[in-house]
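Engineer: Below are the chains, spelled out letter by letter.
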Amino acid sequence: MSRHNIQVTINGKPYQAEVEARLLLVHFLRENLNLTGTHIGCDTTSCGACTVLFNGKAVKSCTVFAVQADGAEIRTVEGLATNGKLHPIQEGFHEMHGLQCGYCTPGMMMSALALLEQNPHPTEDEIRHGISGNLCRCTGYVNIVKAIQYAAEKMANVKKEVAD
Amino acid sequence: MIPPSFDYVAPKTLSEAVAALGGNENAKILAGGQSLIPLMRFRLASPALLVDLNRVEGLSHIEEKEGWLKIGAMTREADVERSSLIHNKYPLLADTVKVISDPIVRNLGTVGGNLANADPGNDHPATMLAYGAEVVAVGPKGERVIPITSFFLGLYESALSRDEILTEVRIPVPRPRSGGAYLKVERKVGDFATAAVAVQVELDDQGNFASVGIGLTNVGLTAIKATTAEDFLKGKPPSEENFREAAKLAADAAQPVADVRGSEEYKRSLVRTLTVRALRRAVQRAKGG
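Chains as they are written, first to last, in this note's numbering: chain A, 536 to 699; chain B, 24 to 312.
Read the hints as simulated data drawn from the structure, not as lab findings.
All C-beta atoms in this analysis are idealised placements derived from N, C-alpha and C, irrespective of residue type, glycine included.
Be aware that one or more of the hints could be misleading.
Claimed, not checked - To give an idea of the interface, some chain A residues facing chain B are shown, with a C-beta separation under 7 Å as derived from the structure:
1) Asp578
2) Thr579
3) Asn692
Chain A extracted, bound-state conformation (with noise of 0.2 Å):
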């Protein structure tokens, strides 16, 4: 068994802690640092619930050992809002009503945001391609494609203005 010093970047701000080479970076972000937003879903690497950005890049928090983020910039779905004010995916899962359950939400909206900074302007086909890690069990996924069209648009305009 090996301990290890980490230091990572959650959402922009600075964490440093000992931790265990086998646990889990899910269990990091929500048992260590009570960062719960994250859901662990089907801890088999199948369902995407615990999808973070890890880097940049969308990963299953759930089949990454926290050691491995040292030096990592991690983002979970509570760096999202900023200042109590709705991302603009976070608005259009509210707004479409992207949700029933909730359980799949963050890491939905963290596949997402993924997608969406790689390819601002996505086909449909595109984002349910884009979404595919991600099980939904209630939804059938409609408004979900719905409310990251949504978000696309709204933070296009959002760029836009702030290049006007």
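With the hints as your guide, set chain B onto chain A.
Structural biologist: Same frame as chain A, now just chain B:
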């Protein structure tokens, strides 16, 4: 599910990684971790030491050099997927990476890990068999090159010795009039193939098959190279009749077993149908279509 305790090192150089691996009999390499970590969580694997390759320099590249496309072992599937070189010139590989697991897993999953794990359900093994690829391995005694045809020895068993690290896979740069395709039937995104077929062809100046590679995924203990079907096609014109005959031979080469994904007959039938379609698409691409 929490994995059993283990020691962990994250070396910065390949020689340190080789030394760490050689220093512990129950050491395992951590690459993308997308197969290993779930196995450890199910306690189907309990390595005493994980040697993490994620901080080793020089294992992540996609480049054409000396007649080969060289892909570093730690290259992420997502990077292969986004490479314009792969997209333009290696359609078989481009088809393959798009259907490996799901997009989130592909952000971490690596080409080297997909091969070294020697899982017959993984997608790169059949594709590399169809390409006639080579694998580079580094161990305490130095580097050696292993032809892909002698790399897969059995279920989860490769030609790598315990203290060797797969560092690169090399695909011969396709000559003019080459094309390929990978067709996979899966129950859902993220599942292993029910069956999949990889085809890489080269046509001669008459338009006949100059070379053919056919690999089969998840219909045996290893990925299978359908050599009888390949030999049958060599020198022949790419006709529908020949596709059908070769597909029959490929289905004969398959050794599927019935499981939750389907019966033996169903999987054999899939191999037959997918081989015809993959040959058709590969030939079309070889002709520039």
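Engineer: Each hint should be assessed against the structure and marked as holding or not.
Structural biologist: Evaluation of the provided hints:
Annotation: A/Asp578 was flagged as interfacial toward chain B, and the flag holds, the nearest CB pair being 6 Å apart, inside 7 Å. The restraint placing A/Thr579 at the interface with chain B holds, with a minimum CB-CB distance near 6 Å, inside the 7 Å limit. Using the Cβ-Cβ criterion of 7 Å, the hint placing A/Asn692 at the interface with chain B is not satisfied: the shortest such distance is roughly 26 Å.
In the structure shown, a violation is registered for the earlier hint numbered 3 alone.
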